[in-house]
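Residue numbers (this note's numbering), protein chains in the order written: chain A, 1 to 133; chain B, 1 to 231.
Everything labelled a hint here was simulated from the structure, so no lab data went into it. Keep in mind that a hint or two might mislead.
Under 10 Å between C-beta atoms, here's a sample of chain B residues computed to sit facing chain A [unchecked claim]:
#1 T76
#2 A78
#3 Y80
#4 S85
#5 L154
#6 L156
#7 L168
#8 S169
#9 L172
#10 Y177
#11 A179
#12 S219
#13 L221
Bear in mind the structure is a predicted one, so any value in this text is a computation, not a measurement. All residues carry an ideal CB built from backbone N, CA and C; glycine is no exception.
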Amino acid sequence: MMAALIFAVSVVTLLMFFVSYCRSLTAASSSYELSKEVRDVTGIHAIASGRDFARVMQLLQLCPERPEDRPGLRAVAYYFEILNLLQKTLARLTPSIQSWAEQERAGCANFAVVALDRRIAFSREILAQQGEL
Amino acid sequence: MPGPLALAIWYIGIVLEIAFVVCSIARKSFFRYLFLNTYFLLGLGSDAGRYFFLSKFGLDSTEYRYAYFYTDALLTLALYVALISLYVRVFGELRLNNFVRFAAVLLLLGTALFSYAVVVQSEQRLVTTFAYELSQNLYFVGLVLTYILWGAVLKLRETRTRVVQFILSLGLYFSAYAACYALGNISSRHVAVQYMSGAIGCLLPLTWTFTMLRHTEESRLEPARLLAVAR
Numbered sequence: 001m002m003a004a005l006i007f008a009v010s011v012v013t014l015l016m017f018f019v020s021y022c023r024s025l026t027a028a029s030s031s032y033e034l035s036k037e038v039r040d041v042t043g044i045h046a047i048a049s050g051r052d053f054a055r056v057m058q059l060l061q062l063c064p065e066r067p068e069d070r071p072g073l074r075a076v077a078y079y080f081e082i083l084n085l086l087q088k089t090l091a092r093l094t095p096s097i098q099s100w101a102e103q104e105r106a107g108c109a110n111f112a113v114v115a116l117d118r119r120i121a122f123s124r125e126i127l128a129q130q131g132e133l
Numbered sequence: 001m002p003g004p005l006a007l008a009i010w011y012i013g014i015v016l017e018i019a020f021v022v023c024s025i026a027r028k029s030f031f032r033y034l035f036l037n038t039y040f041l042l043g044l045g046s047d048a049g050r051y052f053f054l055s056k057f058g059l060d061s062t063e064y065r066y067a068y069f070y071t072d073a074l075l076t077l078a079l080y081v082a083l084i085s086l087y088v089r090v091f092g093e094l095r096l097n098n099f100v101r102f103a104a105v106l107l108l109l110g111t112a113l114f115s116y117a118v119v120v121q122s123e124q125r126l127v128t129t130f131a132y133e134l135s136q137n138l139y140f141v142g143l144v145l146t147y148i149l150w151g152a153v154l155k156l157r158e159t160r161t162r163v164v165q166f167i168l169s170l171g172l173y174f175s176a177y178a179a180c181y182a183l184g185n186i187s188s189r190h191v192a193v194q195y196m197s198g199a200i201g202c203l204l205p206l207t208w209t210f211t212m213l214r215h216t217e218e219s220r221l222e223p224a225r226l227l228a229v230a231r
C-alpha cells in the first residue's frame, strides 16, 4: 500500500519536474537573437510555431553535432511528443489547454531553431579552422 | 558479474560523473558547487568499492549486497548535503542560512534516528527488504525536500539558470528513483527495475553536466516562464 502510494506520487512529481525542466530549457533560449543565416535557412523570420519543429529537427540532422546540445534536444523532443499527445486528447475538450500546448510547442520549435543556429556557427568555426590548416 | 547491459550502464554513469567534475573544474566552478562535486567524487569512490566487492565476492554475495546498500545510503546522505547547499544558495539572499543549516541538521538527525529505530525493529531482514524499503523512503524524503525547494524557487522568483536546472534535475532524479524503488517493491524486484535503476543513476550527472556546459554562472531565466499554467 505504502509502495503504491509512493509510486503514484513519484510518477506525478516526475511528470511535473520533467515539464518544468523542459520549460527551463526552452525559456533559456527564448531571448536568443537568431542569425540571418538560420532565418534564411528555416524561413522563420519572426516567431517559430509548433509546426516548424519537425522540419527544424530534420535540418539539425544535416549539421555536425555539438555534444553539449544532445541531452537538451532529446528532452525537448520527448516534451514535444507529450504536448502532441495532449493536443490530440485532453486539449480537444478544453480550449485553454489547446492554446497553452500550442504555445509550448512553439517554445520547443524555438529551442530547436536556436540549436540549429549554434550548430551552423559551430560548422563555420570548423570550416574556418580547416581553412587555416 | 552483472550482464553486459548492466555493466555498460554502470560505466556510462562513471564517465558522466567524471565529466561533471571535469566540467566544473574547467568552468572554474568546482568550489562554487563544492557539495555537488563532493557527491560525485564520493560516487566514484563507492563505485570503486562496489567493484572491489563484486569482483572478490560475486554479485549474489551478502558482502556485495551490504556494500551496495550501505554505499547507497551514504550517497543518499551526500546528496542530501548537496540539496541543502542548494537550499542555502536559494535562501542566501534572505539571510536564512543559519536557519537552513539548523533545519538540515535536525532533519538529518531525525532521519538517522528513524532509520535506527527501523533497524532495531527489523534486524533479521537488514540486507534485503529493509535496505530496499529504506532506500525507497530516503529517496521519497529527498523528493519531498526538492519539491519544497522548487516551490521556494518559484515563490522567490529565482532567476539563476544553473541553480534552477540543478534543482529540477534533482527533482527528476529523486522522483524517478523513488518511483523505481516503489515499483520494485510492488513487482517483487522485477529484473527490468534493476536496469531502470542503473539508467536513472546516469540521469543526474548527465543533466548537471549539460547545465554546467551550456550555461555560465551569469545566465538568467525569466521566472514567469517556468510556471506551467494553462490560462
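So, going through the hints one by one against the coordinates:
1. Because the beta carbon of B/T76 sits about 15 Å from the nearest beta carbon in chain A, more than 10 Å, this interface hint is broken.
2. The closest approach between the C-beta of B/A78 and any C-beta of chain A is roughly 21 Å, which is over the 10 Å cut-off, so the hint fails.
3. For B/Y80, the interface hint is violated, the least distance from its beta-carbon to any beta-carbon of chain A being 17 Å, above 10 Å.
4. Interface restraint check: B/S85 against chain A, minimum CB-CB distance 19 Å, threshold 10 Å, status violated.
5. This hint holds: B/L154 has a C-beta 9 Å from the nearest C-beta of chain A, less than the 10 Å allowed.
6. Hint status for B/L156: violated, given a least beta-carbon distance of 15 Å to chain A, over 10 Å.
7. Taken as an interface hint, B/L168 checks out: its beta carbon lies about 4 Å from the nearest beta carbon of chain A, inside 10 Å.
8. Contact between B/S169 and chain A, as hinted, is supported at the beta carbon level, the nearest pair being about 7 Å apart and thus within 10 Å.
9. Below 10 Å, beta-carbon pairs count as interface contacts, and B/L172 has one with chain A at about 5 Å; its hint therefore holds.
10. Residue-level restraint check for B/Y177 holds (minimum Cβ-Cβ distance to chain A is 8 Å; threshold 10 Å).
11. The beta carbon of B/A179 comes within 4 Å of a beta carbon in chain A, closer than 10 Å, and the hint placing it at the interface holds.
12. The interface hint given for B/S219 is met, as the beta carbon of that residue sits about 7 Å from the closest beta carbon of chain A, less than 10 Å.
13. Nearest Cβ of chain A to the Cβ of B/L221: about 5 Å, under the 10 Å cut. The hint holds.
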